[in-house]
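J.: Spelled out from the first residue to the last, the chains are:
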Amino acid sequence: MISFLILIGIVICFSAILALALNFQWGLGGMVNFGLTGFYALGAYAAALLMLKAGANTFVAAVGAMAVVAAVCGLVAFVTLRVTEEDYFAIVTLGVGEMLRLVALNEDWLTKGALGLTGVPRPFGAAIAPEYYQYFLLALALALLLATLWFLDRLARSPFGRLVRAVREDDVVAATLGKNVLWARVRIFAIGGGIIGLAGSLHGFYYQYIDPTQFSNIVLAYAFMAVIAGGRGAHRGAILGAAAVMLLLEGSRFLKDVIPALDSDQLAAIRIIIIGAGLILLLIYRPRGFFREYRLRVDFK
Amino acid sequence: MLQTAFNGVVTGVIMALPALAVTLLFGVLKFPNFAVGAMMTVAAYLAFALNAQLGWPLAAAAVAAALAMGALCVGIDHLTFRPLRERGAITLMVASLGLGFILENVARFAYGNSARSFAIELARPFRVADVRMNYEQMITIAVSSAAMIAMYVLLTRLPMGRAMRAVADNPSLALVRGIESPRVIRWTWFLAGILLALGGVLIGMDRALEPPMGSNYLISVFAAAIFGGLGSPLGAFVGALVIGLVSELSTLVMAPNYRIGVPLVAIAVILVFRPQGLFGQPYIRK
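Residue numbers (the working numbering), protein chains in the order written: chain A, -10 to 290; chain B, 230 to 515.
These aren't lab readings, by the way, just hints derived from the structure by calculation.
Remember, it's a predicted structure, so these values are computed and weren't measured experimentally.
Don't be surprised by glycine CBs; every beta carbon is placed ideally from N, CA and C.
There could be a bad hint or two in this list.
Facing chain B, a subset of chain A residues (Cβ under 8 Å, in silico) [what the hints assert, rightly or not]: (1) TYR77; (2) ALA79; (3) ILE80; (4) LEU83; (5) GLY84; (6) MET88; (7) ASN206; (8) ALA210; (9) ILE259; (10) ILE261; (11) ILE264; (12) ALA266; (13) LEU268; (14) ILE269.
The following label-pair restraints were derived from C-beta to C-beta distances [as the list claims (entries may be wrong)]: (15) ALA375/B <-> LEU(-4)/A: 54 to 62 Å; (16) GLU315/B <-> THR202/A: 33 to 41 Å; (17) ALA164/A <-> PRO388/B: 35 to 43 Å; (18) PHE(-7)/A <-> ALA375/B: 54 to 62 Å; (19) LYS101/A <-> ALA375/B: 45 to 53 Å.
Isolated chain A, as found in the complex:
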């Protein structure tokens, strides 16, 4: 039971990092990312391939994955937003995400296709005894989550953080005040992408095995749910939102014992239905989520 709780703890940590990334892009920056799952997969595959094919160590691989996802996200934002408005941006991210998933599925020479990549190395995997490894991984994931939180908190309070919120609230006003809106958005999306890359690397470290089916739409659903529930723009909210959603998802495994008539496809369907319904209900009845953005709290004093 303890080890089950530790495993859930690790899953919560990297889900929370992913939720923080989406919260930065969408909650703070107002840029919808419907390709989140594809970018997440890109991060996981980039880290795994850097280790398996290029022989990089785990640290270099994780940093490399962050750089790759940040570059791809920045490029997508630059190319799309140079010519168009936000409505199209959502559609393009959806398309790019799907494209990335297809690359993972079809480029057998690189990603082994549907078989997936096995034997993904872990940080200090050889140095730490297997029976203690999960404690170490939990500590590592928690440390990275706190580091991400610290970084984003600093960023949100910095002048760049004000620019991010200004672009979200009204890009015309920001542009009128002499801010380069396009460049700001490219940076927002790329920074978020870097954090997605970190979450993706951790995903690989945890499972030691990645294949395309791990990156289904449920990742997108729970990340949006976590951010909405936590309150858009609120970092701690996003973390608690992710924790709540993951506990709900993991807890619903026990539903199978309660209602044995359901098969696993139906159970998976029920989970996504619950998340989808929760998303809409929160948007309607609790649009601000359960936590406030840092700026708003200052305004109330």
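Let chain A serve as the given structure and place chain B on it in line with the hints.
T.: Just chain B, lined up with the frame of chain A:
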């Protein structure tokens, strides 16, 4: 080559229906609706229930499913999108994403992941000038063309069609002229539901019924609507034909698995050279 082109035209003709729905919905509601794919899936399974499980002929099942889907869409809009109407396009997009998750998984819950097909008699394909065609493809072209012509007449000749175009063009001016936008929105959803249902049934006839059948077309359908100009019904039709044709023809020169790249490139090309789309009005930001 000719065979591939013909298949592309059939795909395009199928996509024209959801593309028109997307463009109508965008015109009136001003946000891209990401639930349209799942709506096609649900409608296709509705038709499947009537056709394969209750033994109705497919035509009757399709008509019933279309009317039911139209009504269902009006109800869904009332419950989900109406309370969010004033919250901006991004919130509505996210809500439509959630709605898509719900609808697709309701279909998955009821019928599972395995592929199914309608109960229709298989007919031998016939050949015209070396191109193999089958009976279903003929029906597809006929149904889609008829629906397109009906929509054209409705949008240009009937008062409700004019009201829809007026609201799409300028909601506040339409309001000043006494057009009730809630009524227009209801009708738009009803018509979009019918178009999506027909599209879903045609996809199910062309390929097979499975939960992601509709969302697989989502990007292509958006690309078609954007290519033709969001808000332009004629553009949706032309855009769908272009995207369908180019997607199929692309398989001659590149791996068929990456067909999804074609709509993405199409979006990029049209946005660079003609951001309003082929038949769209230049978009002026207010």
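J.: Now, for every hint given, state plainly whether the structure supports it.
T.: Tested hints:
no. : hint                               : in the structure
1   : TYR77                              : 7 Å, holds
2   : ALA79                              : 5 Å, holds
3   : ILE80                              : 5 Å, holds
4   : LEU83                              : 6 Å, holds
5   : GLY84                              : 4 Å, holds
6   : MET88                              : 6 Å, holds
7   : ASN206                             : 7 Å, holds
8   : ALA210                             : 5 Å, holds
9   : ILE259                             : 7 Å, holds
10  : ILE261                             : 4 Å, holds
11  : ILE264                             : 7 Å, holds
12  : ALA266                             : 6 Å, holds
13  : LEU268                             : 4 Å, holds
14  : ILE269                             : 5 Å, holds
15  : ALA375/B <-> LEU(-4)/A: 54 to 62 Å : 57 Å, holds
16  : GLU315/B <-> THR202/A: 33 to 41 Å  : 39 Å, holds
17  : ALA164/A <-> PRO388/B: 35 to 43 Å  : 41 Å, holds
18  : PHE(-7)/A <-> ALA375/B: 54 to 62 Å : 58 Å, holds
19  : LYS101/A <-> ALA375/B: 45 to 53 Å  : 47 Å, holds
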